[in-house]
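Undergrad: In case you want the letters, here they are:
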Amino acid sequence: MAILSKDQAQALLKKALSYSKADECEVNLSGYKGGNIRYARSTVSTSGEEENMSLAVEARFGKRSGVATINEFDDASLEKVVRRAEEVARIAPESPEYVPMLGPQNYLPSNAWFKTTADINPEYRAEAARKSMALADSKKLTSAGFWEDRSGFNAKMNSKGLFAYNQNSGVDFSVTMRTEDGTGSGYVTRDVSDVSKLDTAAASEIAAQKALGSKGAKAIEPGKYTVILEPTAAVDLLQNMFRSMDARSAEEGRSFLSKTGGATKLGEKMFDSRVTITSDPTNPEIPTSTWSGDGRPHEKVTWIDKGVIKNMPYSRFWAEKKGVKGLPSPGGFIMAGGNQSLEDLIKGTQKGILVTRLWYIRAVDPQTLLYTGLTRDGTFYIENGKIKHPVKNFRFNESPVIMLNNLEALGKPQRIGGNLVPPMKIRDFTFTSLSDAV
Amino acid sequence: MGVGGLLLSNVPTFGHEIDPARALETVDVALKKRLADVALNAAKSKGATYTDVRIGRYLAQNLFTREKQVQGISTTESYGVGVRVIANGTWGFAATSDVSDKGIAKAAEQAVAIAKANSKLQKEPVQLAPQQGYGEVSWKTPIKQNAFAVPVSEKADLLLAANAAALAGGANFVNSALFQINEQKYFASTDGSYIDQDIHRIWPNFTVTAVDKASGKFKTRDALSAPMGMGFEYLTVKAPTKKGPEGTGLIGYDKYYDIVADAGLAAKQAKEKLTAKSVMAGKYDLVLDPNHLGLTIHESVGHPLELDRVLGYEANYAGTSFATLDKWKTKNFPYGSKLVNIFADKVQEGSLGAVGYDDEGVKTKKWDLIKDGTLVNYQATRDQVHIIGEKESHGCSYADNWSSVQFQRMPNVSLAAGKQKLSVDEMIKDVKRGIYIAGRGSYSIDQQRYNFQFGGQLFYEIKDGKIVGPLEDVAYQSNTQEFWNSCAAICDESDYRMFGSFFDGKGQPSQVSAVSHGSAHTRFNGVNVINTGRKI
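Those sequence lines, one after another, are chains A and B.
So the first sequence is numbered by numbering that gives the first Met the number 0: it starts at 0 and just counts up by one.
So the second sequence is numbered by numbering that gives the first Met the number 0: it starts at 0 and just counts up by one.
Keep in mind that the hints are not guaranteed to be accurate.
Computed cross-link-like contacts, BS3-like style, restricted to lysine-lysine with a CA-CA straight-line distance of at most 27 Å [claimed, not checked]:
1) B:K122 x A:K139
2) B:K101 x A:K79
3) A:K130 x B:K462
4) B:K242 x B:K254
5) B:K67 x A:K62
6) A:K139 x A:K114
7) B:K390 x A:K268
8) B:K119 x A:K264
9) B:K326 x B:K254
10) A:K391 x B:K282
11) B:K326 x B:K337
12) A:K196 x A:K138
13) B:K282 x A:K138
14) B:K330 x B:K370
15) B:K282 x B:K462
16) A:K321 x B:K67
17) B:K45 x B:K119
Quick caveat, the hints were computed from the structure, so don't treat them as lab data.
Predicted, not measured: the structure shown is a model, and the values here were computed from it.
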């Protein structure tokens, strides 16, 4: 019941909409099923499975809007939830940010759903966890990991004739392996849409290698270093920057993209010429929904082209106010890279530090996008093209804007957190103190 | 996090949108007892040796505004049942929104089946500390005014009045929000407890932004409120406040918060920040306001002393802890200077952690974590206390919803006030080169809780015993043990007040909890301060 086909969803939404007496009405239906398994100290600590489906109705009278939700779908319940949304709308204040509902849209066909993932059951999860734990046991390491899978659908219909439907599926897996004496720690994370592309034993092997390789870390002085950021380390800083690119904040003068006098940096070169960031909902590596939550289509978009800011995401209200088309924020981003592997980047480095993961990243200054955080679970010193020895973790204070100007080289992009991110070599990355944490 | 960054999508929500009037309805206790017995009996018949059941109605109302308009109001309800069992020496958990005899029995049976399935991978059986049954008991947050009973329009008007005060004070933008929680929780277990609780929490917050178009600079100042375990009286019933240090105009809000006055002051201070002097990096003596120090306590004492972290259960996410059992066993691990006494509790009135009983039916209490600077204890649940040689749980079990499994969560963790009479002005008089820091800012700490960096909302330079002016670009970096050992003075009880964290995340899948941290103004000597100013 939790996952409806396009026809089933369309029929249910049509029926719900038929009860509407409002000026405008939009109905959103979503359902999913999924499960998780968590283990620590090499034993399962929690696991669960759930499925759910819910309908949200937005009714509007003029500029007044009301929302009600329900998870029962008989005729009486559908009518009840529409009436409730209308009651809420009648007493709501007028919204100064009202924009009319969208009419019919053209969406790209979505390729984000995989039956293999939708078919996962508790035995599959237990086996995936067991493989990871067994690998840890065989190397005398302690493992702590988490697996979460979800498959579902989203559908939207409104009184202006819009209808949208998408299915999606995904699995997130991560594991931390630690040496028994607590002096080594390694981590790996993988996310896939199609579970047949995920091998927890192979992924766990990487965490194990990092745990064993990071034993006996030496302290070196904090300062500015050439670093190689693995995609797992680079993604959070890039994501934070990407989330700060909203057009309204920039035009209101409170963003890193703002300029003096109320102007923005749209069209200006802000980064190294090799920095190009795009999005594409149908990219087979990171397929996402082909429409956004507000009903606008997701298309192929270039956000940063050869270091130049080409587009900023707009809300529908702000786009209308400014008289521009206005693109929605994408589901995931793609940073262009090169053909070099991580090993190639290491080989080409005289002196540097390999950072495999960053942790507890927090904004320090929104004006300069300065962030602080720490390295974690395997940090290594590189000399003459080789990993020389593990080093103690550092705290960094760095801005992705500065970082993407200090670019030395980019490797082959890899899926991470629903994005495609290359490993990157950066000069003058700022470490401000040492941490004793392992 | 400031409200500016706290988008609707980032606020944890459970359940369905309801008419606010329905939030005042309650579920009959006799019905809950009958339903709880269905779960206890069903699990027992399938072979469970222990069962607890939580029938929960979780209500949340959030209001968001910016400048002169309301951006969003939502009132949500989540109602359901979670059943936790031990079978074959292993935990099992299942939950359902089908609150019928049939639905509850099915969940109980599923919990037993999961426990039995997982027992094949279990290495050691669960050891549960004994717990007396309390029979039929109840507990309520001692509120004066249920926030859910206050009309939404009145609450929206209060936020808009705060916004108006900020705009009148010269702010360019202001976002404000009000978060309210009511947990109607019923707990029953095979130990013989039937516990009905009604828990309330509230958090008013705002971010004021000042923009200087000529220079392109912008600065923000967040509310100096604290999230509280109180009703709407926190915003309406005047109660004594504390005076901030001379030269700052700050007010230390305790059990009452004047959001309109604070928003007006925030606008003035956000503008001041645009031209404040940039700090010179170096060592300074820090005088920390309780509204700032709360988060430092949370991160550098609260989290490292969670026993599940110490044991490695959070290794893949939040991390482990430097405060290992071997250090605790020495009985002389110097966590801080002799002045440092840090206690845990779930009983302080007005605190976010205050409840009568935790989510595994343990009556709440107060205990020491750090005594005269020495590490003496952790925070533990029933299945953990045997590891630290205790026979009674600390009462630290919490689940953020009926559908989430309960696990060890932080109680209130507070720094005891100094025993000698000392005001903040007297404390500052002794500081030659220092910085006064107020409010919660940027915060980051490593996964074993050694190295941290904290910012704040407001910074003032202290020179020869006096506050001489505002500073900007300030953050301090330290190591937990070094920092607490540099604690040189703590103001007295009259200066003590609480701060807190409303959405503290932990676990996979992640759950939120709310927790308070009390302290008085405290001085730390010779702390490393960095300058965070950059050019892009």
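Undergrad: Taking the hints in turn, state whether each one holds.
TA: Evaluation of the provided hints:
1. Under the criterion of a C-alpha separation no larger than 27 Å, the hint pairing K122 (chain B) with K139 (chain A) is consistent with the structure, at around 15 Å.
2. As the CA atoms of K101 (chain B) and K79 (chain A) are separated by approximately 25 Å, the hinted pair is consistent with the 27 Å bound.
3. Taken as a hint, the K130 (chain A) and K462 (chain B) pair is broken in the structure, with Cα atoms around 61 Å apart against an allowance of 27 Å.
4. For the given pair, K242 (chain B) sits about 14 Å from K254 (chain B) by alpha-carbon distance, which is consistent with the 27 Å threshold.
5. Proximity of K67 (chain B) to K62 (chain A) is assessed by CA-CA distance (about 16 Å); at most 27 Å being required, the pair is judged to hold.
6. Under the criterion of a C-alpha separation no larger than 27 Å, the hint pairing K139 (chain A) with K114 (chain A) is inconsistent with the structure, at around 36 Å.
7. Restraint check: the Cα-Cα separation between K390 (chain B) and K268 (chain A) comes to about 65 Å, which exceeds 27 Å; the hinted pair is violated.
8. For the hint linking K119 (chain B) to K264 (chain A), the alpha-carbon distance of about 59 Å lies beyond 27 Å, and the restraint is violated.
9. Between K326 (chain B) and K254 (chain B) the alpha-carbon distance is near 38 Å, which puts this suggested pair outside the 27 Å criterion.
10. Of the pairs offered as hints, the one joining K391 (chain A) and K282 (chain B) holds, with about 24 Å between alpha carbons and a cut-off of 27 Å not exceeded.
11. At roughly 17 Å between alpha-carbon atoms, K326 (chain B) and K337 (chain B) fall within 27 Å of each other, so this suggested pair holds.
12. The hinted pair formed by K196 (chain A) and K138 (chain A) meets the criterion: a straight-line CA distance of about 24 Å does not exceed 27 Å.
13. A distance of roughly 45 Å separates the Cα atoms of K282 (chain B) and K138 (chain A); the hinted pair therefore is violated under the 27 Å criterion.
14. Proximity of K330 (chain B) to K370 (chain B) is assessed by CA-CA distance (about 10 Å); at most 27 Å being required, the pair is judged to hold.
15. Restraint check for K282 (chain B) and K462 (chain B): the C-alpha separation of about 13 Å stays at or below 27 Å, so the hint holds.
16. With a CA separation close to 20 Å, the supplied pair K321 (chain A) and K67 (chain B) stays within the 27 Å bound.
17. Taking the CA atoms of K45 (chain B) and K119 (chain B), the gap is near 17 Å; set against the 27 Å cutoff, the hint holds.
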